[in-house]
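K.L.:
Residue numbers (the working numbering), protein chains in the order written: chain A, 1 to 390; chain B, 1001 to 1390; chain C, 2001 to 2390; chain D, 3001 to 3390.
Check the hints yourself; a few may be wrong.
As the list claims (entries may be wrong) - Heads up, simulated DSS-like pairs for lysine-lysine below, C-alpha to C-alpha not over 27 Å straight-line:
#1 A:Lys205 / B:Lys1367
#2 B:Lys1388 / A:Lys205
#3 A:Lys182 / B:Lys1112
#4 B:Lys1193 / B:Lys1112
#5 A:Lys205 / A:Lys193
#6 C:Lys2057 / C:Lys2333
#7 B:Lys1367 / A:Lys57
#8 C:Lys2345 / C:Lys2367
#9 B:Lys1021 / C:Lys2066
#10 D:Lys3057 / C:Lys2233
#11 C:Lys2021 / B:Lys1021
#12 A:Lys193 / A:Lys112
#13 D:Lys3056 / D:Lys3333
#14 A:Lys333 / B:Lys1388
#15 D:Lys3233 / C:Lys2057
#16 D:Lys3056 / D:Lys3388
#17 D:Lys3333 / C:Lys2205
#18 D:Lys3066 / A:Lys21
#19 A:Lys233 / B:Lys1336
#20 D:Lys3205 / D:Lys3193
#21 D:Lys3205 / C:Lys2388
#22 D:Lys3388 / C:Lys2205
#23 D:Lys3205 / C:Lys2333
#24 B:Lys1057 / B:Lys1021
#25 B:Lys1182 / A:Lys333
Keep in mind the hints are simulated off the structure, nothing from the lab.
Protein chains: 4
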Amino acid sequence: MVTNFIDLYFVTRNASRDMVKPLHIEDYIPQPVPFVSPPRWVLGHTTWFFEELVLKKFKPGYKEFKKGYGFLFNSYYNSVGDRTLRQSRGDLSRPTVDEVFQYREYVDKHMKELMSEEMSEEISEEVSEIVTIGINHEQQHQELFFTDIKYTFSVNPIFPAYSDRALVEDTNDDNESFIRVKEGIRHIGHSGKGFRFDNELSRHKVFLGEYEISNRLVTNGEYLEFIEDGGYKRFEFWHDEALAWTRENSVHHPMYWHLIDGKWNQFTLAGLRVLQPENILTHISYYEAYAYARWRGMRLPTEFEWEAAADNINRGKRWEWTESAYLPYPGYKMAKGTVGEYNGKFMVNQKVLRGASVVTPPNHSRKTYRNFFHPHIGYQFNGIRLVKSI
Amino acid sequence: MVTNFIDLYFVTRNASRDMVKPLHIEDYIPQPVPFVSPPRWVLGHTTWFFEELVLKKFKPGYKEFKKGYGFLFNSYYNSVGDRTLRQSRGDLSRPTVDEVFQYREYVDKHMKELMSEEMSEEISEEVSEIVTIGINHEQQHQELFFTDIKYTFSVNPIFPAYSDRALVEDTNDDNESFIRVKEGIRHIGHSGKGFRFDNELSRHKVFLGEYEISNRLVTNGEYLEFIEDGGYKRFEFWHDEALAWTRENSVHHPMYWHLIDGKWNQFTLAGLRVLQPENILTHISYYEAYAYARWRGMRLPTEFEWEAAADNINRGKRWEWTESAYLPYPGYKMAKGTVGEYNGKFMVNQKVLRGASVVTPPNHSRKTYRNFFHPHIGYQFNGIRLVKSI
Amino acid sequence: MVTNFIDLYFVTRNASRDMVKPLHIEDYIPQPVPFVSPPRWVLGHTTWFFEELVLKKFKPGYKEFKKGYGFLFNSYYNSVGDRTLRQSRGDLSRPTVDEVFQYREYVDKHMKELMSEEMSEEISEEVSEIVTIGINHEQQHQELFFTDIKYTFSVNPIFPAYSDRALVEDTNDDNESFIRVKEGIRHIGHSGKGFRFDNELSRHKVFLGEYEISNRLVTNGEYLEFIEDGGYKRFEFWHDEALAWTRENSVHHPMYWHLIDGKWNQFTLAGLRVLQPENILTHISYYEAYAYARWRGMRLPTEFEWEAAADNINRGKRWEWTESAYLPYPGYKMAKGTVGEYNGKFMVNQKVLRGASVVTPPNHSRKTYRNFFHPHIGYQFNGIRLVKSI
Amino acid sequence: MVTNFIDLYFVTRNASRDMVKPLHIEDYIPQPVPFVSPPRWVLGHTTWFFEELVLKKFKPGYKEFKKGYGFLFNSYYNSVGDRTLRQSRGDLSRPTVDEVFQYREYVDKHMKELMSEEMSEEISEEVSEIVTIGINHEQQHQELFFTDIKYTFSVNPIFPAYSDRALVEDTNDDNESFIRVKEGIRHIGHSGKGFRFDNELSRHKVFLGEYEISNRLVTNGEYLEFIEDGGYKRFEFWHDEALAWTRENSVHHPMYWHLIDGKWNQFTLAGLRVLQPENILTHISYYEAYAYARWRGMRLPTEFEWEAAADNINRGKRWEWTESAYLPYPGYKMAKGTVGEYNGKFMVNQKVLRGASVVTPPNHSRKTYRNFFHPHIGYQFNGIRLVKSI
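Here chain A stands alone, though its shape is the one from the complex (with noise of 0.2 Å):
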């Protein structure tokens, strides 16, 4: 296979092995809520998606590395088998992290043998679409890692700092305008040749009517001022659902917002920090975001109206929240096997983001690219854009 396809293994598994060197063997193990995989798992996850797709079935003679790891590592792949609970990731005192770290090298070192080897070219093609697969699979893990061990400080009353960086520093250096968008078909849709997943598939038309979409994401001080006119407790501005989130959840702001002697702190990844009106809002749930968006008078955009303009906006930074509801795309199709699991299982009940976010591996993501979450689920580095309808 080509040397570079190698190469870029290589790079990916390096960097989840350098995401990891600031942290004590104590952090890789603690599971606070079901949502959080626990790094431990997140290693040892990531290598057995490559032993089971790829080495099980491509590498004649191979043995797996240890009976066991199918059940402790597999996360929600029926066509492969049982598995471990996802709630009790937390639960399991073994393997330690070393076993884990040799599991990934004993991998490695095979996949190293079986990339280099010769093969037919309709198997390489086979291979090469899977490692591909592994490898993307493998950087929305790093993504996740990030959000993850932040959620597990975060919940230390000692608050522990991952870095000197907080990640969340980052300011917009527009002024607010908005962008006028024609109305039309548009083509949605991945097209050519690099990588995609299969919900970006298949391209069609879809119509949008006139609409102006923000050249920014809104700030922190933009946000406060919502917070301040009352916004969490005045219902005309939220779904009923999600009203119903607030109360039972005791939310009245969004999650690592922390008023401490009458001054707003965040915890970031460098620990409780002074909170930055000029930054830009981050870790938001689709329900506040569709609550900011009606009391500003406007609204989210859709996942198409998104797409339609992203040539034209400032993007990056924040996951977007859209209006859109995951949804299949006209003519997509589940793969084949146990890649068939990776999205299509999963398109009921999440509402699609779009963009990237400064925990986002270089190269990730693409302006086709659809992320999905449910709607309460703030831990991510979401952000809000708005729109306005003509």
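Given the coordinates of chain A, work out where chains B, C and D should sit on it, guided by the hints.
P.N.:
Frame of chain A, contents of chains B, C and D only:
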């Protein structure tokens, strides 16, 4: 105001009175699950709507029937004030059913006076608008009455019957065939003068690719083949959340089906009956509808595809699940005040259903009508229509 | 059988009929919480007891009134078979109240025939034994009827009244004084020929140290001082589980108390009334009783201390919490068959109460009577008697 | 202070250090269920006890090791302040295990200085009293360490082992025989000068009827007969709450038993082993112990019967369930201040266990020792001793 209009009011009000005639007092009270409303509450709630939103505002000197009824009979209108918790509607012994009928008479008498009065044109228009909503609101509750009393009777081990008619015995007259719809721009949403809910607006253009839509709904017999083929256990057809739902709730067949001595029976409004394979399938959740369609190698229509084909298909009898999430149309504007809470605040996490069912009041539905429920809800008279992508 | 005995049966049965006279049909149905039984169910259940345990066994050719009633009206007897889930007694619309009264008449007619028959002495004894239990069983449910209907009315925002009498207005005639009881061996448990439940046996010796017991029960006014002294927030008086219970349920005062415009009111069977400080405190959990006693620097009596002093204290009006856990007496033997399930299987995690309350039927209690409830239960007419160790 | 006393302190402290030697860092963190405490927390908590209750009070100028540790390592002492929620002890990544060992060294150094100092006799006595409690407290946690790590390892599908010794392999040397104890007054509770917890006081008289008590504990083989006789399904042997517990938790055999290929295995501290019928039964709940005894036609001893017979039975190896509820002895007085929270506030809803187990530290127990757990708890090394009433 116009006599016809007053007639329409009383036709609707009397229909509510007629539908409860087969009941015993005991049947008005229980609420076995939160999503079911007891008949006593429904009779009070639909009356409260006119008292609160019409009489109190527009009839000078109107005195409310009884203090406390506002608290008891408000459903979910935050702008009106506090209310009985939804799950507690069956916990109340009083008011008696008799008192609720007195309440209805009192409000009807005042409504008649109000509607017979000379009013300024402006007021008259405002009144007729909200009364029209009230009439449609009561019609919606008439449909829910049938689905709710069916549910309540269904949990009783002695299986009471509401009437002699099962209301599920309809058969499809046609063989299954598929109608092709060409790609192009379609106009979606309500136009013209007749009544429509705000969620049917604004009318707008949508681009649709080519597709084929079934001329009829799926039958019990067809769905049985899915069951017998192991459909409920084959994860590859199900959404991830749907699979969890089947497992947590031990769902192996449609609700109201009972396998007794190796034979399928169905609980109906006429009691327990032997299942008829040629009858149209009913009481199906979106989750099941989606899985069935995938097993068939097809899919559900979007609400736009449904509307575009509505004039050419044999519709009626069941609410038809669509693949579309319940979202605002472009240009959608929530009404001001209390009626603004009618639709807009539910536009998240729900699926659109189109058509009408055997228990929908006459003239209540139309081809732009958007019904909506959460994807696991099967206790409405729901059915499946299939679509093939080309 | 003896005429007096038949009379006793009908006196008891008629008392059940009389107690429900003030009710509307609607009041018979709701079950706002699992531990409350709806009146319709109680009327059926007490009747089922005689049908199942007497008529079916001892009346040749007896035909059960209606198939399915066994399932509906069994409470907790495993030896008899399956049953409606306890929390679902309020979910049932049918049978109607009328049908339940027909059931009662049918069973009473057959019971009369049975009891009037010539029987062998042996059978007669067995029958009279189980009928006696059935009578006492119905009396227990008569008491529960009052506490249950009170609970059901209490959750209704319009506060219905059962009668004109509040049943909480009793005052203590005496000032508080303490009676000293000398140390020594006491005989505990029932002796003699009258009826007793199996849990009052066998009579046995207990050694008691010296103690002083109050001549009367704690009043509302005395308990108010505890509240005003911050009693509910001072952890040092509470059991660990009790404190958790107060926090999870926001308990700051006895149930049925309402602070309205700075004034304490109490929900009673006659509706909402101003709280009278001189009345005897009622509706108190063991947790609160214990905490109050500790605040006073005293304690609750054990059930043995209570029984030993019973002839010298002013008792009646409230079930009195004791410090004793509900355990079998030495030599306790569970009865064979269904009645064996009456008491023994509840002898864990509950506390003993002694005495009787204002709603206990006449002649139902005695000084060896052992009532029992979980320690957080306050909806009975419970009260506090204090003891000082010497 | 006395050298022996200082020795005892360090013997105990070193035992804690020794017991964790076989662990990896990863084993110190997880808390799979709220009632299990992670080893890191235990090492910190037992240290915090000395810092909070001894050093801060009695050592002039003492500086706490680190702010925040009081919050992290307080277990349930309300008088000391807020604390980490019990169920969140496994959610914390920091402090590291290393930091906790530094904490231990710091506190030990200061404890050594304090105990070596010249003190007034009065202070010396107060200090030695609370240090003695601290030592016994740490011994209790040493026992819990073994039961907790066993539980944590047991939920891991790869079944890690703590050591080579299973700690369940003990057999009964004797055949079952019963020792008769005559009726009479017994003295119960601690007397003399040695250490005892406050719940062992005050010594008092109890009248006991005649009974026979087994010379030894029930074995695995004997319990297997109960299982094979359908014991878990025969409701007549079980408390009502126990039966519900077996059903809700699918309990069909003692915890840690696994039926693999038709053969019973048992998870032990040495991993999975074949079950030995001649070994003493262990890890049994009170509910199961009670049901087994009833199946045998016998019962469990009261704690008084146990204590009266303690010198004549072969005890040790298992905590033995008694029929007695955990209640205060006559004349029991809670200690003032923080140590008053040690025992008294748990005296409701729990059962007393007597004896000691194979993992109880040497010299920690005695015949008046009262251990206590909720009746469903089986993860301690619990066993069954039988009694016959005469």
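K.L.:
If a hint holds in the structure, say so; if it doesn't, say that too.
P.N.:
Hint check results:
1. A:Lys205 / B:Lys1367: Holds, because 24 Å separates the two Cα atoms, which is no more than 27 Å.
2. B:Lys1388 / A:Lys205: Between lysine 1388 (chain B) and lysine 205 (chain A) the Cα gap is close to 18 Å, so the pair holds against 27 Å.
3. A:Lys182 / B:Lys1112: violated, 51 Å
4. B:Lys1193 / B:Lys1112: holds, 25 Å
5. A:Lys205 / A:Lys193: Holds. Lysine 205 (chain A) to lysine 193 (chain A) sits at ~19 Å (cutoff 27 Å).
6. C:Lys2057 / C:Lys2333: Holds, at about 23 Å.
7. B:Lys1367 / A:Lys57: violated, 52 Å
8. C:Lys2345 / C:Lys2367: Measuring from Cα to Cα gives roughly 23 Å; hence the hint holds.
9. B:Lys1021 / C:Lys2066: The given pair, whose Cα atoms are some 26 Å apart, holds under the 27 Å limit.
10. D:Lys3057 / C:Lys2233: Status holds; Cα separation ~26 Å.
11. C:Lys2021 / B:Lys1021: holds, 26 Å
12. A:Lys193 / A:Lys112: holds, 25 Å
13. D:Lys3056 / D:Lys3333: Distance ~26 Å between lysine 3056 (chain D) and lysine 3333 (chain D) Cα, so the pair holds.
14. A:Lys333 / B:Lys1388: Since the Cα atoms of lysine 333 (chain A) and lysine 1388 (chain B) sit roughly 13 Å apart, the hinted pair holds (cutoff 27 Å).
15. D:Lys3233 / C:Lys2057: With Cα atoms ~26 Å apart, lysine 3233 (chain D) and lysine 2057 (chain C) stay inside 27 Å; holds.
16. D:Lys3056 / D:Lys3388: Distance ~52 Å between lysine 3056 (chain D) and lysine 3388 (chain D) Cα, so the pair is violated.
17. D:Lys3333 / C:Lys2205: Holds - the C-alpha atoms of lysine 2205 (chain C) and lysine 3333 (chain D) are around 26 Å apart, at most 27 Å.
18. D:Lys3066 / A:Lys21: holds, 26 Å
19. A:Lys233 / B:Lys1336: Holds, at about 18 Å.
20. D:Lys3205 / D:Lys3193: Cα-Cα ~19 Å, so holds.
21. D:Lys3205 / C:Lys2388: holds, 18 Å
22. D:Lys3388 / C:Lys2205: With Cα atoms ~18 Å apart, lysine 3388 (chain D) and lysine 2205 (chain C) stay inside 27 Å; holds.
23. D:Lys3205 / C:Lys2333: This hinted pair holds, its Cα atoms lying about 26 Å apart.
24. B:Lys1057 / B:Lys1021: violated, 32 Å
25. B:Lys1182 / A:Lys333: holds, 21 Å
Taken one by one, the earlier hints fail for this structure at numbers 3, 7, 16 and 24, listed in ascending order.
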